[in-house]
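Chains as they are written, first to last, in our numbering: chain A, 1 to 870; chain B, 1 to 163.
Think of the hints as simulated: they come from the structure by calculation, not from any bench. Don't take each hint at face value.
Under the rule of at most 27 Å between Cα atoms (straight-line distance), these lysine-lysine pairs were calculated in the DSSO-like manner [stated by the list, open to error]: (1) 137/A / 168/A; (2) 168/A / 401/A; (3) 22/B / 168/A; (4) 168/A / 417/A; (5) 281/A / 579/A; (6) 401/A / 22/B; (7) 132/A / 95/B; (8) 556/A / 721/A; (9) 41/A / 168/A; (10) 41/A / 223/A; (11) 95/B / 417/A; (12) 222/A / 280/A.
So the derived list for chain B, only partly shown, Cβ under 10 Å to chain A, looks like this [to be verified]: (13) 44; (14) 45; (15) 46; (16) 49; (17) 54; (18) 56; (19) 57; (20) 59; (21) 60; (22) 63; (23) 66; (24) 67; (25) 84; (26) 86; (27) 123; (28) 124.
Yeah, the Cβ is synthetic: ideal placement off N, Cα and C, and Gly gets one too.
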Amino acid sequence: MPDQVTLTIDDVKVTVPAGTLVVDAAKAAGIDIPVFCSHPKLDPLGACRMCLVEFVGSRGSRLDTACTVRVAEGMAVRTNTEQVKAVREANLGFILINHPLDCPICDKGGECPLQDQTMAYGPGVSQFVEPKRHKNKRYPISDLILLDQERCILCWRCIRYLEEWEDKPQLGLFERGGETMIDTFPGQPVDAKTSGSIIDICPVGALTNRVARFRYRPWELKKTPSVCNHCPVGCNLRLDERVHALRRIVARENMAVNDEWICDKGRFVHQFVDHPERLKKPLVRDAQRGTLREATWDEALDRVVEKLGALVEANGPNTVGGIASPRVSNEAAYLFQKFFRALVGTNNVDFAGGSAVRAWPTGLSAITDIARSDLIVLVGFDPSEAAPLLAVHIKRVVLRKGAKLLIIHPRRIELAKYPGAYLPVLPGNEAALLGELAAAVQASKGVRGQEARGKQAARNPQSPGPGPQYPDVVALLAAAKSPLFIYGPDVARGERGRATVAALLNLATALGQGDKLAYIGAGANEQGVRDMGLLPDTLPGYAPVSDAAVRERLGKLWGLQPPAEAGQTCARMIGGGVKGLFVMGDNLAALPAVAEALRKLDFLVVQDLFLTETAQLADVVLPACSFAEADGTYTNLERRVQRGPQGIRAVGESKADWAILTALAEKWLAAEGRGDRSGVAPAAAPELPDWKRKKRKAKTGPAAKPWNYPTAQSVLEEIGKAVPFYATMRWEALGEGGLQWSARDLRVGVRDSGLSNTQSPTSNPRPGEFLLVSSPLFWDASLFMQYAADQVRQLIPAPFVALNPADLATAKLAEGSQMTLTSPHGSVILTLKADASVQPGTVWIPATLPGLPAETLGGGRGEPISVVVR
Amino acid sequence: MTMDAARQTPHAPGAGLVDPTKQAMLLSALYLAQEQAGYLTPAAIERVAQRLGLSPGQVYSVASFYSLFRIEPVGRYVIQVCKGLSCYLCGGAEKVADYISAKLGIRPGETTPDGRITLELVECLASCGTAPAMRINDQLYENLTLDAIDLALERLLEGGEHG
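Given the sequences, and given the hints that come with them, work out the whole structure.
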């Protein structure tokens, strides 16, 4: 069979790969064949008959569906004959028999394939005088999607998407004939995490977005290509704005990242952008009343310069520090660390889940590598909850190419139902388990070697070595030609995490696949903020702070060199290591214990979208823009730097993170350089504080260079100078698909890898005690969820704890009862749930539930937590 | 337009999707399930789905497609009057159904108060050559006339032979 096939479509000769569908071949030839059911990303079906074209053969011509017929050598197709025209008219007539003509109030009106094709190919007049079928026009198939059964033309796209991509056949065609309609099984709404994709691919207005419906007319929207800010996959999406409000978010195709799908968080959770409670003005704490009051930007920034400066002067630069969120843009992260390193003179910068996590600095080799893998090993990482688009890609390679999954997780996660193996592991025992697996792989290599030499003593029953312990898993690993090893932050925290990552690297190396190890973080721009050096011991570009050459290079760029000694970690800064703290975009104080610690600070600055628990404790609150209101670049988990341009006017007086930091730095430099502060917010600082006068006198040697950043793009330009592998990352060059930096450009790797496991394994919990598992849940109570639209907010579950049904029975506990859970770190009251995916001996309290119960009990610290349930 | 490999790549054999041999058992399984309660309860549908590795939605979709499967409780005897095109042209389902309705005092979709007889209109019974047609439980009545209907209903009301 030849690889390429040449056929003729309307006298145009076109050569396409064998197996191409005629409809796609026509597209390649620039000929439009109208379709409804056919979709480039879905299997052919032939349901709507819209694509009927003439196939000319030796015995005359026949009509057939271009969307199901594959090309053949010498095939002749005609799409422009009278017969085809008549058939299209008739077909549209049939489709429109029951389709309501409510286009003026339909969300799809203006971007509707049925509307467009009726205009292009329709008969122009209706033959029907009979009444149309009446059905439910607002039928909820989930909390987020409404089905208009009258508008549906039964193309099956939604059914097929859920079957083929999500492997969740939750929608079906029920009844038959004129009664046929799309429906769900009673009581089982659509719950696929990327369910909103079916709204995008619906060729009519049958499926509508409950958050966005009736909020726009498609032709009025200003459409800005952007990237998602919820998880590190960095899905490409589009921001649709009108009169300064973000009306909706839809998916944007990027074959290297998200195909053309986005998850329901990316699509539906955006009301935080223009939420009425957004901070619109800076706030400062009133000296007399002790409460926060509105202020001008000048007053607020002057207060920060004055107070932080005073702390630095009095106690040294290491008594102040900054904690940022891994969601902020590269520009914000870069300037944040530069502010502390080059102006304040400290390496005290970090982010929650930053230095505490043993991250593989190059993320995932490429998202498209998932489709090329025959075995995906997931260690302590649940893509379905943490990064649903990865789960979609993984399911695809499992279903289409027969890839296997090896899942090592304390909970039987959703993907564990697929072929491969699931190894339950007690939290904290990952390293031990991986160590045993590596030894077993080594042993099996040895066994095979011995067998080859004809020796029979391969298995010695006297020595219960790890060899025979996991024969199936070892066989699975040994058979894999292109495996991928993915781990998440839950197994990479603290000392145990260090051991786990080392053990995982050993295992991958034992299989000769050491370069296939990937870390997938939690924050949307976690890769980017690490690249930018938002870590206490790492400079931009991953050089350790002790690297004198890099410090010198940065010194030339910044005017001042960063200090050589590592700064304080996030935990240390919170735990009393600093007196002044700058928090950018993270609500640390949502956890009461942290709030208590932050109250002890002399000075706290918070830069955020909302008056969060943390902002309420602050002395100065700076209103920042969301990702949708400011230019910025974000680096996803495969090191793809992507543009997130401004798509909507900034809310109130809020400013982009990078712009706030630039304004602050200018004031800082002015205060340092000028002995006299007259003219600068005299009300806030009537007298020149002592520290500035001294500083000025003391100033000798090099001075910090001025911060000259009129735009985010100019910050990116400097990043290109500071971070060698960002040198080519110019705003224009990134385009709409982003650019990946090559993992080969980074030779650092994880330092001291290959460490032997020094952690003692977690022992089985005692009766009445359980080990805490706090892996993420998709619909959690994170900040953006709290400020989401009502339809989304109701998806946040009430706080719960899940136990294995067997444990519930043994302990004679009833589902639904309120239980008190106590750990060495705290105590919470939660509703009990039975969940077979939870391993016996453990309790699952997802991370970031309302009130942060898992975190209160000490979850997410990288150590096994024993919990008593009463 | 990027061409996705999806259209080129069929499902990998045995890669975790539905098992075709199990799927082929669906209709038989539904018949067995229907015998339990006279109709397919939601629980029965879920059970069949679970046993055959399908989703309840997929099973429901098949069960609701065929008029021989019921997803709601029905009387002991079910009269199905064909409303297909041939029957419509040969005298009309409306006429047949109206006649039965008047005689039994129930409308299509309803069951007699004693729970014995359900009347329903169904899509084509595949008996177009002998239209108009109706079915009472498993027995097909062809070339219907009003007399033939009377006769069938009388037998039914007398005690029935339709099992």
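Hints, verified against the model:
no.	hint	in the structure
1	137/A / 168/A	holds (24 Å)
2	168/A / 401/A	holds (18 Å)
3	22/B / 168/A	holds (18 Å)
4	168/A / 417/A	holds (12 Å)
5	281/A / 579/A	holds (25 Å)
6	401/A / 22/B	holds (21 Å)
7	132/A / 95/B	holds (23 Å)
8	556/A / 721/A	holds (11 Å)
9	41/A / 168/A	holds (16 Å)
10	41/A / 223/A	holds (23 Å)
11	95/B / 417/A	violated (54 Å)
12	222/A / 280/A	holds (23 Å)
13	44	violated (12 Å)
14	45	holds (7 Å)
15	46	holds (8 Å)
16	49	holds (8 Å)
17	54	holds (7 Å)
18	56	holds (4 Å)
19	57	holds (4 Å)
20	59	holds (8 Å)
21	60	holds (5 Å)
22	63	holds (9 Å)
23	66	holds (8 Å)
24	67	holds (8 Å)
25	84	holds (9 Å)
26	86	violated (14 Å)
27	123	holds (5 Å)
28	124	holds (8 Å)
The structure is inconsistent with the numbered hints 11, 13 and 26, although it conforms to all the rest.
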